[in-house]
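2 protein chains.
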Amino acid sequence: MKISIIGGTDGLGKWLAKFLKSRGFEVIVTGRDIKKGKEVEKELGVRFLNNNVEAAKLGDIVIISVPINVTERVIKEVAPHVREGSLLMDVTSIKEIPSKAMEKYAKEGVTVIPSHPMFGPTAPSLERQVVILTPSEKHKKSEWFNKVYNFLKKEGARVYILKPEVHDKIMAVVQGLTHYSIISLASTLKELNVDIKESRKFASPVYELILSLIGRIIGQNPYLYADIQMFNPRIEKIHKTFINECIKIHELVKSKDREGFVKLMKEAAKHFGNEAKRGAYYSDKAIFALTREIEELKKNIGKEIAVKNLDSENIHIGTLKEVEDDYLTLKKNGKEVKLNILRTEVYYNVDEIKKKLFERKYFDISVLFNKDVNEKIIEELLKKLFDLEIIDIYELNDKKSVTFRLYGYSKEELREKERKFKEIIKNIGGSLRYEDRS
Amino acid sequence: MKISIIGGTDGLGKWLAKFLKSRGFEVIVTGRDIKKGKEVEKELGVRFLNNNVEAAKLGDIVIISVPINVTERVIKEVAPHVREGSLLMDVTSIKEIPSKAMEKYAKEGVTVIPSHPMFGPTAPSLERQVVILTPSEKHKKSEWFNKVYNFLKKEGARVYILKPEVHDKIMAVVQGLTHYSIISLASTLKELNVDIKESRKFASPVYELILSLIGRIIGQNPYLYADIQMFNPRIEKIHKTFINECIKIHELVKSKDREGFVKLMKEAAKHFGNEAKRGAYYSDKAIFALTREIEELKKNIGKEIAVKNLDSENIHIGTLKEVEDDYLTLKKNGKEVKLNILRTEVYYNVDEIKKKLFERKYFDISVLFNKDVNEKIIEELLKKLFDLEIIDIYELNDKKSVTFRLYGYSKEELREKERKFKEIIKNIGGSLRYEDRS
Chain R
1 MKISIIGGTD GLGKWLAKFL KSRGFEVIVT GRDIKKGKEV EKELGVRFLN NNVEAAKLGD
61 IVIISVPINV TERVIKEVAP HVREGSLLMD VTSIKEIPSK AMEKYAKEGV TVIPSHPMFG
121 PTAPSLERQV VILTPSEKHK KSEWFNKVYN FLKKEGARVY ILKPEVHDKI MAVVQGLTHY
181 SIISLASTLK ELNVDIKESR KFASPVYELI LSLIGRIIGQ NPYLYADIQM FNPRIEKIHK
241 TFINECIKIH ELVKSKDREG FVKLMKEAAK HFGNEAKRGA YYSDKAIFAL TREIEELKKN
301 IGKEIAVKNL DSENIHIGTL KEVEDDYLTL KKNGKEVKLN ILRTEVYYNV DEIKKKLFER
361 KYFDISVLFN KDVNEKIIEE LLKKLFDLEI IDIYELNDKK SVTFRLYGYS KEELREKERK
421 FKEIIKNIGG SLRYEDRS
Chain H
1 MKISIIGGTD GLGKWLAKFL KSRGFEVIVT GRDIKKGKEV EKELGVRFLN NNVEAAKLGD
61 IVIISVPINV TERVIKEVAP HVREGSLLMD VTSIKEIPSK AMEKYAKEGV TVIPSHPMFG
121 PTAPSLERQV VILTPSEKHK KSEWFNKVYN FLKKEGARVY ILKPEVHDKI MAVVQGLTHY
181 SIISLASTLK ELNVDIKESR KFASPVYELI LSLIGRIIGQ NPYLYADIQM FNPRIEKIHK
241 TFINECIKIH ELVKSKDREG FVKLMKEAAK HFGNEAKRGA YYSDKAIFAL TREIEELKKN
301 IGKEIAVKNL DSENIHIGTL KEVEDDYLTL KKNGKEVKLN ILRTEVYYNV DEIKKKLFER
361 KYFDISVLFN KDVNEKIIEE LLKKLFDLEI IDIYELNDKK SVTFRLYGYS KEELREKERK
421 FKEIIKNIGG SLRYEDRS
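Protein chains in written order, with the UniProt record's numbering: chain R, 1 to 438; chain H, 1 to 438.
Just chain R, with the same shape it has in the complex (with noise of 0.2 Å):
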């Protein structure tokens, strides 16, 4: 099946192309920049293609993902060129405009699966994200809708579907208001010349989260931002509400009215009723998220880890010298490597990551034991030091013959596995018969 991503060389689209083409699609990229078009070809292994029209005859199914700004122009100009019998979705944050362009755009024929995948370019997979369908009723009804609503769902994604109308209304709030509000601080730290960095060093668990969420924020495409807040007419009046009650609240604090405030504050608690623990929870879990990763790693100081750099992807291996601050320290052949926590992932089962990376060498050793004894037992035994298998076994007069195959990394490891393995072997009532080194 061939999907084409309209606007796939960067952001979401981009994401999409990566995760689709890991589940054994066959993806087509489009984009303006031919050369940023040509290096994620070649990086994702998906085609590229200059022209949005070529891409959209070509795909099975199409994905349109583009700023908000220019969805309405860009559906105009692929919908109508989308084969009958594909389909035809987009992945923009508002959902009433995009909808009505491409059931008025697209063939008769062509399914129109309009979506928001409530998520950005760094989900590390769909499990758990939230993902919005709002097509029509006669779309609901169709074959593509079983298709893309059972993908999600096997992918562990929350699916909703919602009328367009009704996720905009939902996404002033979830987004409009959420983004609103932490540009406002942004902007306010900037007034204030706070030296964030500084700052950060005196940091409530609260407040470090709320700066890492404004940098998540403002570090990302300001235009998508701007139109989220423009494109939704909601808005307005979300803007006016909260900007009331900071008011409230300044002339409650000014005047020292200290009931006034409680009262305020019990009543949004009540509000927000069995949600407020839960959101205690959470916050937990992800207050603590870095803390317990660095217990955890400052517990493994001296031994072998495996950490992968989630911005190169590179696995490194070696033995974890020091933790201090946001960095770990590994030792590998002699050499250190410093890596950012933030920016890793670490695994402590390294014969796993071992298995996956490299190829192993092995070599062959028979060993005869007494006729009555159970390889099956000894071969169990021996796998919990050894990574080994057992690849022929024949009787001869009273003794029996087994050979085992034992792998390794290389020759040094495989030398001190021999040596091992021999010492344990002669304890164990097995004599040598003899050996073959791959």
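Watch out, some of these pointers could steer you wrong.
Each pair may be met inside one copy or between any two copies, as identical chains are not told apart.
Said to hold, decoys possible - Cross-link-like lysine to any residue pairs, in silico, SDA-like; alpha carbons within 20 Å at most:
#, residue 1, residue 2
1, Lys338, Glu304
2, Lys426, Ser401
3, Lys254, Val173
4, Lys100, Glu72
5, Lys237, Asp257
6, Lys254, Asn69
7, Lys169, Glu191
8, Lys240, His250
9, Lys277, Glu345
10, Lys256, Ile68
No lab work stands behind these hints: they were computed from the structure.
Using the hints provided, position chain H relative to the given structure of chain R.
Same frame as chain R, but now just chain H:
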């Protein structure tokens, strides 16, 4: 060493009592509520006194942990009774007022170290937590100061020493602005009558995290938050700046000034510099902590795991049956236990947990090997499959008798281990001599 915590039956005071007790100190707590005090006494194994002055007289260290609005009054009551040579501290979120009061009312010869632990009573430890100390120049040179400083560092805390007025200036932003914006958001959601639970269905990671921060704050004692806003005169300017920025952005959105919005956001991003990127990384760790935990859990379905209920501190060991939404289901002795993942800690190394939790049963079994067998090698090998040790060895003609002690947690488990052990022994050149059941 005796530590008296004035106001130690609740909140951070109670946390401190538990923490310090776990570190081997003798702890006394005081509080107005005798019933609650008695409960804490029993729960934490500390001593409760319904008398602040008495507790102050007894402590080698006296820590004031009472609400901001009564801190000054309590210091006035308690400080004169702290013994010469003792240490007087507070843990209030503001520092100018209590620092002055302690210096004023404590006897000459009492060391005063005002402090502000920047975390709440849900912190798992002092690891990575910020603690600010605001001692005067004189007390900074004291022996007590060194002791406190070294203790905090050893526990992994990030310790900073500031002048009280600098502390309060920083906190006007770190706590003042943060709480103010979060409480304003909470009040806005209430005013807009947003169904929080329903809205969470459609949450982006940022919205979910913001909701959780709101829940975290509004679920706590509102008087603390009122006092933090009201006892710090620097906060008024902060409020005003925030309101201004909110209005500024509102105007940009209303007039559809896309470039103006982008400019404001870019300037804020510029002010954040590298901190924006760090924020994105940090929030990724926080946001995906739960996702990763759930992914890890799903990998372990069908396996035996240990799950600690963070509320009851009970540990459940069982087979992981299901993971759904916030819950995991454990099969335990034929029954099913459903636990909230947000309130649990999961351990995959079940053996380690069992060793800590349960008393081990054992049985001894003697095995004859050839005299030239190295029993250390056999022991090392068997330890990979069994929890065992060698407790006796002696030579017997051309044989060697080795007595193993095998451990387990139930008779059934031991019986199964015994069967397995005997089967292995037979196959590695050993023969049974006798056995002895404990």
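Results of checking the hints against the structure:
1. With identical chains, the CA atoms of Lys338 and Glu304 are at most 20 Å apart within one copy only, with a shortest distance of 15 Å there and 36 Å across copies.
2. In the homo-oligomer, the alpha carbons of Lys426 and Ser401 lie at most 20 Å apart both inside one protomer (14 Å) and across protomers (18 Å), since each shortest distance falls under that limit.
3. Taking identical chains as interchangeable, the C-alpha atoms of Lys254 and Val173 lie at most 20 Å apart only when they sit on different chains, with a minimum of 16 Å there against 28 Å within one chain.
4. Taking the closest pair of Cα atoms, Lys100 and Glu72 come within 20 Å of each other only inside a single copy of the chain (9 Å); across copies the shortest separation is 64 Å, beyond that limit.
5. Taking the shortest alpha-carbon separations for Lys237 and Asp257, only the inter-copy value of 18 Å comes in at or below 20 Å, while the best intra-copy value is 27 Å.
6. For a Cα distance limit of 20 Å, the shortest separation of Lys254 from Asn69 across copies, 16 Å, qualifies, whereas the shortest one inside one copy, 42 Å, does not.
7. Taking the shortest Cα distances, Lys169 and Glu191 sit within 20 Å of each other only across copies (16 Å), while inside one copy they are farther apart (31 Å).
8. Taking CA atoms no more than 20 Å apart as the test, Lys240 paired with His250 passes in both settings, with 15 Å inside one copy and 8 Å between copies.
9. With identical chains, the CA atoms of Lys277 and Glu345 are at most 20 Å apart between copies only, with a shortest distance of 17 Å across copies and 30 Å within one.
10. Only between protomers do Lys256 and Ile68 lie at most 20 Å apart by alpha-carbon distance; the minimum there is 14 Å, versus 45 Å within a single protomer.
When held up to the earlier numbered hints, the structure conflicts with none and fits them all.
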